[in-house]
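From just these sequences and the hints, can you work out the full model?
Number of protein chains: 2
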Amino acid sequence: MLKKIEQRETRKTDVIERIKSLRLELAKLETQIKDAGLPVIITFDGWSAAGKGSLISQVIKALDPRFFEVVSVRAPSDTDRRKPWMFRFWKEIPMKGRFTIFDRSWYHDCVNGYMYGELGKKGYKHRLGDIATFERQLTDDGYLIIKIFLHITRKEQKKRIEKLQSSNVTAWRVDDKDRYNLEHYDEFRDAYDELIESTNFDYAPWNVIGANEKTSAVLDIYEVIIGSVKGALAAKADKKKFIPKAQFETVSPALEGFNSVQVPKLKDIDLDKSLTEEEYEEQLDKYQNKLFKLQNLCYQKKIPVIICYEGWDAGGKGGNIKRLAAALDPRGYEVKPIAAPEPSELARHYLWRFWNRLENDGHFTIFDRTWYGRVMVEPIEGLTPKDRVDQAYREINEFEAQLADWGAVVIKFWINIDKDEQYRRFKEREETPEKQWKITDEDWRNREKWDIYEEYIDRMTELTSTETAPWVIIEGNDKKYARIKALKTVIKRVEEALEKK
Amino acid sequence: MLKKIEQRETRKTDVIERIKSLRLELAKLETQIKDAGLPVIITFDGWSAAGKGSLISQVIKALDPRFFEVVSVRAPSDTDRRKPWMFRFWKEIPMKGRFTIFDRSWYHDCVNGYMYGELGKKGYKHRLGDIATFERQLTDDGYLIIKIFLHITRKEQKKRIEKLQSSNVTAWRVDDKDRYNLEHYDEFRDAYDELIESTNFDYAPWNVIGANEKTSAVLDIYEVIIGSVKGALAAKADKKKFIPKAQFETVSPALEGFNSVQVPKLKDIDLDKSLTEEEYEEQLDKYQNKLFKLQNLCYQKKIPVIICYEGWDAGGKGGNIKRLAAALDPRGYEVKPIAAPEPSELARHYLWRFWNRLENDGHFTIFDRTWYGRVMVEPIEGLTPKDRVDQAYREINEFEAQLADWGAVVIKFWINIDKDEQYRRFKEREETPEKQWKITDEDWRNREKWDIYEEYIDRMTELTSTETAPWVIIEGNDKKYARIKALKTVIKRVEEALEKK
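Listed in order, the protein sequences are those of chains A and B.
When we follow our numbering, the leftmost residue of the first sequence carries the number 1, and every step to the right adds one.
When we follow our numbering, the leftmost residue of the second sequence carries the number 1, and every step to the right adds one.
By construction, these hints were calculated from the structure, which means they are not laboratory data.
Incorrect hints may appear among the rest.
Identical copies carry no separate label here, and so any pair may be met within one copy or between two of them.
As the list claims (entries may be wrong) - Here are the computed lysine-lysine pairs in the DSS-like style, where the Cα-Cα straight-line distance is at most 25 Å: (1) 28 - 301; (2) 488 - 61; (3) 501 - 125; (4) 91 - 336; (5) 245 - 20; (6) 438 - 34; (7) 28 - 61; (8) 20 - 61; (9) 290 - 245; (10) 322 - 61; (11) 3 - 386; (12) 438 - 96; (13) 336 - 479; (14) 177 - 125; (15) 34 - 427; (16) 293 - 163; (17) 435 - 230; (18) 241 - 91.
Set out below in structure tokens:
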């Protein structure tokens, strides 16, 4: 593919005038992008010394600097290294109506990491899978992703690197990796070709731009961006997913299957299970002590533990979390209560706020309600259209698989009670002054939708109970039993993870 | 002070029962804290091996883990090091109605940094000043700060460290600094005494707790926390600033004065200044090139540049920012548009969202509207009570002084136009399809308050134009003149900073 690009003729006549007019056109499109709430991601990858920096500068001259951000991707920080590898890209995705321009993207971490020997073949392939997922999830959500690869010939690269090195002012901009890139030009070309071929997704294809001649490159880039933006705006107006025009043959990655684990339906759960006060006190003490020791080992071995709590209103999540947390060293865990999203969260892919809440490896993170709101309250209350909810089951499985790849133990609890028990607890809350804040009109309204919730919950546990992240239904009518079961489950899962480590 | 604590008798009888009852009391107070929206910060400092971790675990047993966070302060990360030193504490302050517990606080960075030779005497004193400011700003805003120092005797410390070292399981928890702390016990005791004396602020006094005996320490800590919380809730109900009971004599740090720089009143600004098209084109090109080179030097010398834009509606901020940004390498600057705060921002000290938007050193940050909304739109629209606005002038000066201490060049523009020019521009916007999004009913409403805004702006520039961060009024009726003046100002300020470096 790269060869083909070299053979293209560069246009010379009227280039400057054409660029000026395209710049104006893009500036005008910007208003439409804002109005339509289209989020746009543009990535720049390519050879060392291909001119990414100066080409980005050219491109953004058209744009209002209040509506874009340029993210310069360098080596991951020490915090980034303690998160899943995609974290540093997820956290930077734009809000609706805005641009994020990546100076080097997630592809750099893969192909160059592999070529520099920082990443094995298997790790490289695995990351490409993560990228396919990432780009699909975003484009499914209406993001426009424009991927640009700047190609220069070996001769041109050599000339540029030598020129940079020859001056004191610019020599620092050339490092060993740049020289390596030049010395192994042919190998890199093959690797780039293979990369472009295998990640030329129909929903986010590559645009390879010949960049030996800069003015001509600017023109090509403008044409690509304007064409894509227009297409995406038209598709958005038609409420269709945008499929961009592709320069080369595209690939449609097969959707990965997940090994599902069977979970009983809620109506089949035996809610009579219970513990006596003595059994409870004895086991609570025993399991809390055990968990405390396991947490220490997780910290030392840098295993992240993610515990998700979902359940009926008044199911006893709070008290359950409290008993679990009481076992843990407070410096090594955090509870994340999940409420309605804030405006800046609503303006991005809905998984963004969960990516952003991940703690460092070695820590316990307890989510009090989770990303599963997407497939329960959101469709039931009509907050999210059906097609996005249908996609969410897979997106969630993918998200949790990425957490597991990072090394996380992902534990998911549904705390189940029956309708009578909920009524009893609601009434008790209303009658106890210190508990009145816990009960609202909304709780009563939700209760009226019990049957539809039950349907959605059964569907959720069926579609998202995977081998790496299975659902555990906790019998919750007896709070003591529920707390001990949660503790025991966490201990078992953590022990399994420690054994494998 | 520490000596006195050692001589106190430890209470032995009924301690366990008393702890249980205090734990219940604190759990009940928690609901009141939530209802009242009281934000609570508790810091734990003290000797190595004083038992911070296990005492924190004890204390939080009373608390609902969804309403507190424990922040474990260790060495600053590489990102923290590229921000002002208080950044890593500011970013962690709690929302209203919630607790943040610091395992080691800002004091650790000071006194231990100094004793370990990582910080000079002057730097140490300077940081104490920053701390006095930090704690005052937060308590003025209604935060409750409970500072706990855990004191153990030399004999006890020696025993504990030896015990930790003797077991394979715990030996890793003792490091060179812990041993140094023990070996130089007397010097540290003097340093801690001096620290406690000089930072025993009336608004945030120290609580020194004898921790040789843990159960007794837990009891003391509960009493301190419960007493403070009750006092703070009562003060909040009375709309008064809470002044806690102090264990030792307190100090009231004198408020630092700022060297003010005179700024003309808006009515005295000559708005006839202008440039011809030729002058503009020539100077724009010249100054943009110059600024681009200076940015490179700032990046190399790690100088942060913070440029604040304020001005009348339709004053031309957007176009001005665009011309400035066009001069810069996009990888080294970011524009931060400031809109109304989100719920999580409103729930914290109002400077929090600006602390959180600071970029790394070496970067240019351009604020499109700023923290000055606090002393313009907020009082005019009645969003913030007068006493908090009055305090804001000083808080802002302090904030900017801390940015300057960090090495930042702080540049503040007020883009000034007259009322006729604004009218002309509003009308033009209404009549131009691409510009209609820029004009709203609110703009017309604000215009009606022109005179009161002018009053507040004059007051703002008078009270917050300091030597390190002076206001620059830009004559804005002619956009070309305004843009060149902004560019020239940035160049001059950056050049001055580079000369000093």
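Against the structure, the hints:
| no. | hint | result |
| --- | --- | --- |
| 1 | 28 - 301 | neither (53 Å within a copy, 38 Å between copies) |
| 2 | 488 - 61 | between (59 Å within a copy, 20 Å between copies) |
| 3 | 501 - 125 | within (23 Å within a copy, 47 Å between copies) |
| 4 | 91 - 336 | both (17 Å within a copy, 16 Å between copies) |
| 5 | 245 - 20 | within (24 Å within a copy, 69 Å between copies) |
| 6 | 438 - 34 | between (40 Å within a copy, 12 Å between copies) |
| 7 | 28 - 61 | within (13 Å within a copy, 58 Å between copies) |
| 8 | 20 - 61 | within (10 Å within a copy, 66 Å between copies) |
| 9 | 290 - 245 | neither (58 Å within a copy, 41 Å between copies) |
| 10 | 322 - 61 | between (53 Å within a copy, 8 Å between copies) |
| 11 | 3 - 386 | neither (45 Å within a copy, 69 Å between copies) |
| 12 | 438 - 96 | between (35 Å within a copy, 18 Å between copies) |
| 13 | 336 - 479 | within (22 Å within a copy, 48 Å between copies) |
| 14 | 177 - 125 | within (22 Å within a copy, 44 Å between copies) |
| 15 | 34 - 427 | between (48 Å within a copy, 22 Å between copies) |
| 16 | 293 - 163 | between (59 Å within a copy, 19 Å between copies) |
| 17 | 435 - 230 | between (55 Å within a copy, 20 Å between copies) |
| 18 | 241 - 91 | within (23 Å within a copy, 39 Å between copies) |
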